[in-house]
Amino acid sequence: MDTVADKQKREDSLNGVGCSRKRKEDARFIQGKGNYTDDIKMPGMLFADMVRSPYAHARIISINTEKALALPGVHAVLTAADLKPLNLHWMPTLAGDVQAVLADEKVHFQYQEVALVVADDRYIAADAIDLVEVEYEELPVLVDPHKAMTTEAPILREDLVGKMEGAHSTRKHDNHIFNWQAGEKDATDRVFDAAEVTVSQDMVYHRVHPCPLETCGCVASMDKINGKLTVYLTSQAPHVVRTVVSMLSGLPESSVRIVSPDIGGGFGNKVGIYPGYVASIVASIVLGVPVKWVEDRMENISTTAFARDYHMRGELAADSNGIIKALRVNVLADHGAFDSCADPSKFPAGFMHICTGSYDIPVAHLNVDGVYTNKAPGGVSYRCSFRVTEAVYVIERTIDVLAQKLGIDKAEIRRRNFVKKEQFPYTTCLGFELDSGDYHTALEKVLDAVDYKGLRREQEEKRANGELMGIGLVTFTEVVGAGPSKSCDILGVGMFDSAEIRVHPTGSVMARMGTITQGQGHQTTYAQIIASELGITSDEIAIEEGDTDTSPYGLGTYGSRSTPVGGAATAVAARKIKAKAKKIAAHLLEVSEDDLEWEVDRFKVKGVPGQEKTMKDIAWAAYNNVPEGMEPGLEAVDYYDPPNFTFPFGAYLCVVDIDKDTGVTDIRRFYALDDCGTRINPMIIDGQIHGGLTEGYAVAMGQEMPYDEEGNLLGNTLMDYFLPTFVETPKWETDYTVTPSPHHPIGAKGVAESPHVGSIPTFTSAMVDAFAHLDVTHMDMPHNAYRVWKQIKALGLLDN
Amino acid sequence: MIPSCFEYHKATSIADAIAKLQDNEDAKLLAGGHSLLPMMKLRFSEAPYLVDINGIEGLKGISIDGDTITIGAMTTESELIRSDTLQQYCPLLVEAAKLVADPQVRNKGTIGGDVAHGDPGNDHPAVMLALDAQLVIHGPDGERTIPANGFFLGTYWTALDEYEILVAIKVPALKSGTGHGYHKLKRKTGDYAVAGSAVVVEMNGDVVRDIRIGLTNVAPMAIRAEAAEDLIRGNRVDDVLLKAVEKAIVAACDPAVDLRGDEEYKSHMAAIMARRAIIQAIENAKE
Amino acid sequence: MKVDLNKEFSLPGTGLQAWTFLQDIRGVASCMPGAEITEDLGDGNYKGKVKAKIGPATMSFNGDIIIQNIDAAKRELHMIGKGQDTKGSSSATMDLRAWVEDSDDGKSVLQGVATVTVNGKAASLGGRMMTQVADQMLNQFGKSFANNVASMGEGEEAEMARDKIAEQPAELNGLAFAWSVFVGWFGSLFNSKK
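Chains as they are written, first to last, in my numbering: chain A, 1 to 800; chain B, 1001 to 1287; chain C, 2001 to 2194.
Certain hints may be false.
Straight-line Cα separation of at most 30 Å, DSBU-like style, residue types lysine-lysine; simulated pairs [said to hold, decoys possible]: (1) A:K462 - B:K1243; (2) A:K462 - B:K1188; (3) A:K793 - B:K1247; (4) C:K2049 - A:K67; (5) A:K731 - B:K1188; (6) C:K2002 - C:K2051; (7) C:K2051 - B:K1028; (8) A:K67 - A:K7; (9) C:K2002 - A:K793; (10) B:K1243 - A:K793; (11) B:K1247 - A:K790; (12) A:K106 - C:K2143; (13) C:K2047 - A:K67; (14) C:K2007 - C:K2143; (15) A:K790 - C:K2002.
Covered stretches of chain B, going by a simulated chain A footprint (3 or more residues, C-beta under 8 Å) [stated by the list, open to error]: (16) 1001-1015; (17) 1182-1190; (18) 1256-1262.
Simulated from the structure, these hints should not be mistaken for laboratory data. Cβ coordinates follow ideal geometry from the N, Cα and C atoms, glycine included.
Produce the entire structure from the sequences given, and follow the hints as far as they go.
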């Protein structure tokens, strides 16, 4: 007889949603048996390497490839001149701009690609690079975005001179890219003019880089006999790459295969199409053999998709109780030499308009101006959910400034302004419909867990003693899961995603999705979703992604979209299978479908114990005993166009102690509470949170990409670019609440970017709080010991 | 990140190594390789000829003879850390070695390489100055032993003549009443020092009879903070004196400006590291 | 990456001797060991090259030297040197104003103000030690310049100076200068300032 205990056992054996099962992909990763792009070896494969510009801004006078070509083992040296006849020397970017594949007559940023050398092996290619002679004429350099639109600024994009209609708006200067606005300017200005209290804070979200462990690379192989181009590459969006490659090369998509093998971290760094890929594809087509190109660490940091570089002003208008009446945000966005930002095409500033945060703000206005400078191109990357990092930073910093001005506790001012639970779904004044949330509960849970009042008392004592202790608090809402195709598209392709599931006769499952994992654990989490839907253990569910020949079309994985969109497609496809399975079960049990109920892994006839069919029974029957008129087989495909984004949220608190003598900060405590709706695998969520918090710590406390006045990028190796080891990394405490998304098939929202988005302002909040009693309202990042010490000295805190 | 072509030769003895240096223009010694190889991979160094001195007899080993400990130049940082002799009789070296780079580098990096390379960021030179070590050198004209004080002349510039090889380092064994201190400020594990200080004191009760203060990475080479030492020698150390000592150390520094900090920050950090090392040294001299 | 340097070298000769030597561009170039003029293009334009070895690192630059201005009244030379390393991965520009002043004891002083701009790989990776290396190179340049001025005179010291010039190594190499010997000799002749 089937007892409650038996039922529980069956449930547990599914290893489905909610279970912290070990990841299925880890066995190969921890034994060094992953299959990454650089592991790919093909017969006759050649190796490519890139000649790069040492200058940030210069005219190319001549390129002499003679000596390089004369080196034994060198097969080709490609320059823009070789790509011109194919019209491939420039390529379109995801943001509606164009980017040089190989520098055409001038270079616009240091380390820009100038020529591709192809040789027998990587050693000869490295030697050949040194033999390519390029003559440059240096030009004046622009690195300060604030100077980009002045009359004295050097013109960077000569290819755009006179073209004042940009992809997103009219351009008001040759170095201007776009202007983008959201909200109501006049209404907002009126509120500010009449407000009891206003605050204004300038802040810089500095340029950083995701620096994934694996750098970018590809193996391009043009098979001339079959007329098929295969490219293995580090891509977070293989189908989009296929479509673009087809458009650029003229080959039909049916003759192009893109494969993303195992990827060692993406973080948005691997969304764009880089010159190295295009040049290698051309080289393979020309030479008729496979060509591999893999960049090194310095190339990755110096030239691929950087993050942030947003120069912001946040302003709040409020009453004397701290109730916010209006928000005004102004941004100067530095995109480098080309706007290759990976945003949905209608949003050149991404989802910056989520900057109303977790608060009930009646009116707001956002203005963003993008400009060109002589730096690496890009802007959106590094776990940012399309500028949500910047949006959360500006609102959380500005509300702290308001709290400080009014003398209101930073937790209390948030309580007073939160969107209340009853108000969901809540449409913000800048156009987002927040699906669900319970901000008050999250905040109180964190404050209780850390004994907030006790910490504030301790801080008072320490201040009296001349010690520097800070408490940082952030309550963020972020927007992920791009997105509804009516507003979200990449180069015109709507941002749906897909899943194709097939149940085999003996009851195990193969499923493929249009997303692509780079370490997020899809092989495990998608299997868990299917397990819970279909009653088949996730141990027997194989998940594949990344091969455009076999997986259904998807927009890829970035912006935390896999769970909200891909996970939804997976659940819906599974439910299509379940619907068919119910019909088969009814047929096998000779009852009507209405007489059946589903329990864990089987359909049971209501009220008739023992009359049941498991999904395994049904799978077998699907291949030999289906009802009249039904086709055999048990599979389904779903293309899911989400009705809305999802809005994970959280409350983070950080305690810091600063050593006055050295400026070194000890992160004494970091408490992170996240709400991502339904939690598919709590262990994986914890792993994501740990990773995101560590990245956030790195960004806030040490990472930077300093350019000198001549546009030289200083600190582009791991000696200087701060990647914390376990020795530096603080201990993370994680917690959660669960507020499911009402529109998602399993209520899940996605979580991976929240810890990065939320932690960075938390660290800044804590650092500023340590000096708040001295009227410091803001400190720009990174908060490394050197900068903090300078602040300490400037405040006169060192006995002299 | 790939070096240019080079010839690799394994030396069979010190004499063989010297001969190879003399016979081949621009030849370089390969010891642990972790200072040289990064320069070669960045093609800042295109040494056409490498002479590997790993495995040569007589360049390894730590032995103690009365008051003097002799350390083979090819002793790795990890070997220094594990050495019972050093832990007991020269704990300053062990402490300093623990803070060099990271575990992988410490398994290959040698004390001889660290001393002879000449990078102002290398950690051992300041320790050598604080210990008043002696350096044993072999060259075409034979063997000579010179004090570490005066060996470090500038950036990549030591008193080693062309074709000379550092073969051993002699340091004094810890005597009673001697204390040591070591503090190194760095941005993260594995980084060069923002500033570092090695201090050795000889106490006479509460009075500092003698003191040597070595400073790392705050000048073109490791230096002794002699003016600061003069303030302390023969006196009792208190907060007032330490303030004056800090000022003297700031004045003695001439650091390079880089992403670790500007001159002001680095000089002040040298003062803080020295202060902490001095206090630590006086504390453990009492034990 | 810009480095500003101010240097002062006391010279064992008269102001006239020093100014005469300062206008000998080939001679001045030879004071930087490892540097030489390869071509005189006329009109104050020259082609030159420098090979510098700093410990294990080597940098070879090819470039142009342009004499911007020679002011005989002020005894001042203004020159710009621009070079690229032979692999094209770094460039350096030096804008130098050098002038000779008479000192009270009948000898002279060479003053120099230089702005060195380094771009490319050397700036990105070598920035850490650029000032110290540039400083060291200029110190050695200064000693060599002084030596040349001394050799223009008469007597035993000038003779020794000429010998020293002959012995000068072909490349800038910290090891090759018998530094302590040189300092000792130089210091024994003059009350040397830094």
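Comparing the hints with the structure gives:
no.	hint	verdict
1	A:K462 - B:K1243	holds (24 Å)
2	A:K462 - B:K1188	holds (27 Å)
3	A:K793 - B:K1247	holds (15 Å)
4	C:K2049 - A:K67	holds (20 Å)
5	A:K731 - B:K1188	holds (16 Å)
6	C:K2002 - C:K2051	holds (20 Å)
7	C:K2051 - B:K1028	holds (18 Å)
8	A:K67 - A:K7	violated (75 Å)
9	C:K2002 - A:K793	holds (26 Å)
10	B:K1243 - A:K793	holds (16 Å)
11	B:K1247 - A:K790	holds (18 Å)
12	A:K106 - C:K2143	violated (42 Å)
13	C:K2047 - A:K67	holds (22 Å)
14	C:K2007 - C:K2143	holds (12 Å)
15	A:K790 - C:K2002	holds (22 Å)
16	1001-1015	holds (count 4)
17	1182-1190	holds (count 5)
18	1256-1262	holds (count 4)
The structure does not agree with the numbered hints 8, 12 stated previously, though it agrees with the rest.
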